[in-house]
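Participant: Residue strings, one per chain:
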Amino acid sequence: MPDTSQPTIHSDAPADIGWRVVLPKVLPLVALFIFAVLLPLTDNEYWALITTRAAIYWVLVAGLNLVVGYAGQLAIGYVALLTLGAYTTSVLAAGNVLPPLPTFVALAIAAVAGAVFGVVVGLPALRLRTFYFAMATLGFATIVTQVALAWEGVTGGGIGISGPEMPAPFNTAWGFLYLCLALAAMVTWATSNVAKSRFGRALIAVRDADVAAEANGISKPKLFVTIFLFSGAVAAVAGGLFASLQTYITPDAFTFELSLLFFIAVLIGGRGSILGPLIGTIILTILPEIAAPLAAWSTFLYAALLLIIVLAMPGGIAALLDFKNRKPLQSDRAIKPRPTLLGEILKRSGAGRPMTLKGIVLTFGGVRAIDGLDLNIQPGQVHGLIGPNGSGKTTTLNVISGYYAPQEGEVRLNSPLARGAPETRAGHGIARTFQTPRIVGEASVIDNVMIGGWIEGQSSFVETLMSLPRHRQDERSLEAAARLALRAVGLEELADVRADRLQHSELRFVEIARALMLKPAFLLLDEPAAGLATDEIERLGQLIKEISRQGTGVLLVEHHADLIFDICDEVTVLNLGRVLANGTPAEIRVHKEVISAYLGA
Amino acid sequence: MLASILASGLAVGAIYALIGITYNTMFATSRVMSFTAGQLGMLGGVFGSLFMLRLGWPPVIGLLASLGACALIGVVTEIVAVRPVLKSLEQHLYVLSTLALALMIQQVTAIEWSTEPQPFPKLFGIGSGVFDEKFWLPLVACGLTIAGLELLYRKTLVGRAFLAVAEDNFAARALGLPERNLRIASYALAGAIGGLAGFAGGQLLLAFFANGPLLNFYGFVPVALGGLGNNRGAVIGGLALGVFQQAANFLVGGIFSSVAVFVLFIVVLLAAPQGLFGAPAARRV
Chain A
0 MPDTSQPTIH SDAPADIGWR VVLPKVLPLV ALFIFAVLLP LTDNEYWALI TTRAAIYWVL
60 VAGLNLVVGY AGQLAIGYVA LLTLGAYTTS VLAAGNVLPP LPTFVALAIA AVAGAVFGVV
120 VGLPALRLRT FYFAMATLGF ATIVTQVALA WEGVTGGGIG ISGPEMPAPF NTAWGFLYLC
180 LALAAMVTWA TSNVAKSRFG RALIAVRDAD VAAEANGISK PKLFVTIFLF SGAVAAVAGG
240 LFASLQTYIT PDAFTFELSL LFFIAVLIGG RGSILGPLIG TIILTILPEI AAPLAAWSTF
300 LYAALLLIIV LAMPGGIAAL LDFKNRKPLQ SDRAIKPRPT LLGEILKRSG AGRPMTLKGI
360 VLTFGGVRAI DGLDLNIQPG QVHGLIGPNG SGKTTTLNVI SGYYAPQEGE VRLNSPLARG
420 APETRAGHGI ARTFQTPRIV GEASVIDNVM IGGWIEGQSS FVETLMSLPR HRQDERSLEA
480 AARLALRAVG LEELADVRAD RLQHSELRFV EIARALMLKP AFLLLDEPAA GLATDEIERL
540 GQLIKEISRQ GTGVLLVEHH ADLIFDICDE VTVLNLGRVL ANGTPAEIRV HKEVISAYLG
600 A
Chain B
0 MLASILASGL AVGAIYALIG ITYNTMFATS RVMSFTAGQL GMLGGVFGSL FMLRLGWPPV
60 IGLLASLGAC ALIGVVTEIV AVRPVLKSLE QHLYVLSTLA LALMIQQVTA IEWSTEPQPF
120 PKLFGIGSGV FDEKFWLPLV ACGLTIAGLE LLYRKTLVGR AFLAVAEDNF AARALGLPER
180 NLRIASYALA GAIGGLAGFA GGQLLLAFFA NGPLLNFYGF VPVALGGLGN NRGAVIGGLA
240 LGVFQQAANF LVGGIFSSVA VFVLFIVVLL AAPQGLFGAP AARRV
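Top line first, the protein sequences correspond to chains A and B. Counting with numbering that gives the first Met the number 0, you get residues 0 to 600 for the letters of the first sequence. Counting with numbering that gives the first Met the number 0, you get residues 0 to 284 for the letters of the second sequence.
Source of the hints: derived by calculation from the structure; they are not laboratory data. Watch out, some of these pointers could steer you wrong.
Label pairs and their calculated CB-CB ranges [claimed, not checked]:
no. : chain 1 : residue 1 : chain 2 : residue 2 : range
1   : A       : Gly157    : B       : Met0      : 22 to 32 Å
2   : A       : Asp321    : B       : Pro177    : 49 to 59 Å
3   : A       : Pro98     : B       : Pro118    : 23 to 33 Å
4   : A       : Ala311    : B       : Leu269    : 30 to 40 Å
5   : B       : Asn180    : A       : Arg128    : 22 to 32 Å
6   : A       : Ser459    : B       : Leu205    : 33 to 43 Å
7   : A       : Ala311    : B       : Gly128    : 27 to 37 Å
8   : A       : Thr362    : B       : Arg179    : 16 to 26 Å
9   : A       : Arg128    : B       : Arg179    : 18 to 28 Å
All C-beta atoms, glycine included, are put in the ideal place defined by N, C-alpha and C.
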C-alpha cells in the first residue's frame, strides 16, 4: 500500500522515533488494504462487488472528508457530484455528444468537470451558515438529478445510459476491484498527506477558530476553493467508476440515500480523522448487505445512526480509537517559560519601523467606539493600553488586526495597512492573541502552534498531496519551530496532548507560542494575564519583556495594573475611545485624570 | 392562462408561506432551523387522507386529529432532536439531529403509508375552475394562521411570553418565564401550522411521502430571503415564490422552473446572506 506517509521527524530526534509514531496510524489502513487485496482467494464475486463498491464510495468520501470532517462544512448533497461524474464519463465514453472517447480519458474529463462543479457547489459556504449551506447543497443535488432526467438527448432521460466499459485488464470483476482499490489507496495517501500538512491544520482552524485562522494569514476563500476542487474531482472520478460498476445508470440510481451515506460515513468516523471515516464507509456499505430484510429501512437506519452519533458520541469512531488522549495528565504542572530561547525564535533582521495609528474613528450605529485615536507603537518596546471597560482597548486591537474597518484614519506600518482584511496582517508581521483563547480544541497543542506558521509554508497544495520534498521540508521546519516556541513558553511537555484538555492559563501560553511562530514585528496581546495565578503573571511579564527585547513591538491590553507598570515602556490610557493620557508608567501613575477616571483612589 | 397561473401560484405560495411560518415558529423559541418543518407539511396531507379517506372520519374531526398528530410530532422534535443539542457548544449539531429525525419520519411514512401519491378528499365541494377549493383553501388557511398568530402574540399573555423568549432568552428566563414549556408549546404550535399547510394543500400536493424535502426547500426559500423569524417576509416571499414558480412552470417547463428557483435562491442569498429583511450578523471578535 502506498500509504507510507513520510514520518515527521523532530530535528534532534533519531529517525526511528518518527516511525514509531506513524506506524500505529498506518497499520490499520495497511491491514484493511491487504485484506481487500486477498479477497480473490475467496473466488466469490459477490464480495468483489461489495468491496469494489466500498472502495468507490471511499474515493468520494475521502475527498468529502476534507470538506465535512476537516473544514466542518455541512455538504449533504455530494451525490450531485457523483451523478455529474457518472454521466460525464458515460456520455463521453458512449459518444452521445462527441466521438466516443477511451474510458480513462472520459474519466479524466469528468474529474475536471467535477472539480469545477465542486467549487460551484461549495462556494456558497463562504457566505452561508450551517443550515443555509446544507440546504443549498441539498437543492443542488435535486437539480442535478432533474437535469439528468430532462436532458434526454444526452443523458437518455429516465431510460438511462450504459456505463463506461473498462479496458482490459480492468474489465473483469477482480481487475476492476484492483483498479478501485488502487485509486482508494491513492486518495487515502493523498488526503492523509493533506490532513497532516499546513492545509489540514488550516482547515480545522477555519472550522473551530476562524478568527484566529484569519489572524494567522489563512485566507478562507483560497483554501476552500482548493479543497472543493480536489474533493469535486475525486467525487466525479468515483462517479465514473460507479457508472462502470452499475453497467447501466438512470437518474434513479443517484438517490438522496446515497448522499446521506457519504455524509454520515464521515460523521460516524469522526471529524479530523482519515481512518474513522474509512471504517464508517465500510460499515455503511456492508450494513444493508448483511441485513437484507432491512434493506427497505436502510435510510431509517442511516438516520438513526446519525441521531445516535450526534446525541451520544459526537467524536465518532475516531474518538473511540483515540487511546493516547485518555491517559490522565499530570495534575500539578507548572508553566515555566524559558525567555532565553526567544533570541533563537525571533531572529528579525534590522530594526523595524514603528506602527502608527492616525485619527482612527470607528462608530457602531450612533456609538463612537473609537473617536479620533492616535497611537505610536515602537519596535522593541512594550506599549500598555489601559482604560475602563468600553473605552475601546480591544476595539483598537481589532482595528489594527483588520477585523474592523475604521470609518476614518489609517494604520501605518511603513505603508498604510488595508482596511479590514484581517488575513493580510500576518504577512506584515503582526501577530495577536485573544481575550478568550481561540484554540482548536480537537487538535493537539503542537498542531495549534503550527497553525501560526501558515504563511511560512512554501509547499503548494499539489506538492502536499503527493508529499513532495518541499512539503516534507515544510513539515520538518514548522514542527521544529513549533517545538522551540513551546519550549520558550514552557509547554513542551504538553505538545502532543489534545488542546481541549489544557487549563485556561496554559491555553493563553499556547496562543503566545502560536503568535511567536510568525516571528512577529508587532505582537498584540489582549488581556494575556486574565485568569492567571500571581506567579504565572510574573513569568508572563518576564516573557513579554524578553519578547520586546528581541525587537518586537508589543501592544499590551491589560487590567492588571501591576503587570502594566512593571513591564511597559510606555502606557496609553483610553477613555470613551480617546487618549486620556500617554507617557511612561511613572508619569501615568501620578496623572490626575487617570487616577480619577480609572485607577481610583 | 394568467388566471390559472395566479390561482395555482398563490395556492402553492400560501403552502410555502405556512411552512415558512412553521420554521419561524420553531426558530423563535429555540434558535433552531429544523428539517422537520417540511415533513410536518407532508404529514398534514398524509394524516388527512388517512383519517378521512381510509378511516372515513368527517372533515372536522379529520382536521382536528391531523393537527393534533402533527402538533405531537412537533413536540417529539423538540424532545428528541432539539433539546439535547441546545446546550452544546457546537452550533451546527441541530442541523444533523433534525435532519436525522426528518429522514426517519419520511422513511416510516414511505413504508407504513405508501410510496405512491394517495388522493386527498374534497372538503366542501365549493367552486370550480380557478376558484376550485384546492386553490383557495391554502390561502384561507394562511390568512387564518396569520390572523390567529397576530391575536396570540398581541392579545394573550402566552403570546407575549413567546415574544419575550424569542427576543431575549436569557432575560426571559431571568424574569421567571417557563422557557422550556414555552419552547415545547411553540413546537406544538409549529407542528399544527405545518400540519395545516399540508391539510389545506392536500388536494393540490396529495398525500405523498416525498413532499417533505420539497416543502422543506420551498418553505425555506421565503424564510431565507425574507430573513429568519420574519413572518411577514415569509408570507410575501412564499406567495411571490409560488407565483414565480408556477409562471416558470407554464412558460418554460417544470425542470427549468426548479432550476430557476434554485439559482434565484443562491444568488439572492449570496448577495444578502441575512435575507432581504434580516438583521446584520453578530460580532465575531
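Participant: Which of the listed hints are not met by the structure?
Facilitator: 2, 3, 6, 7 and 8
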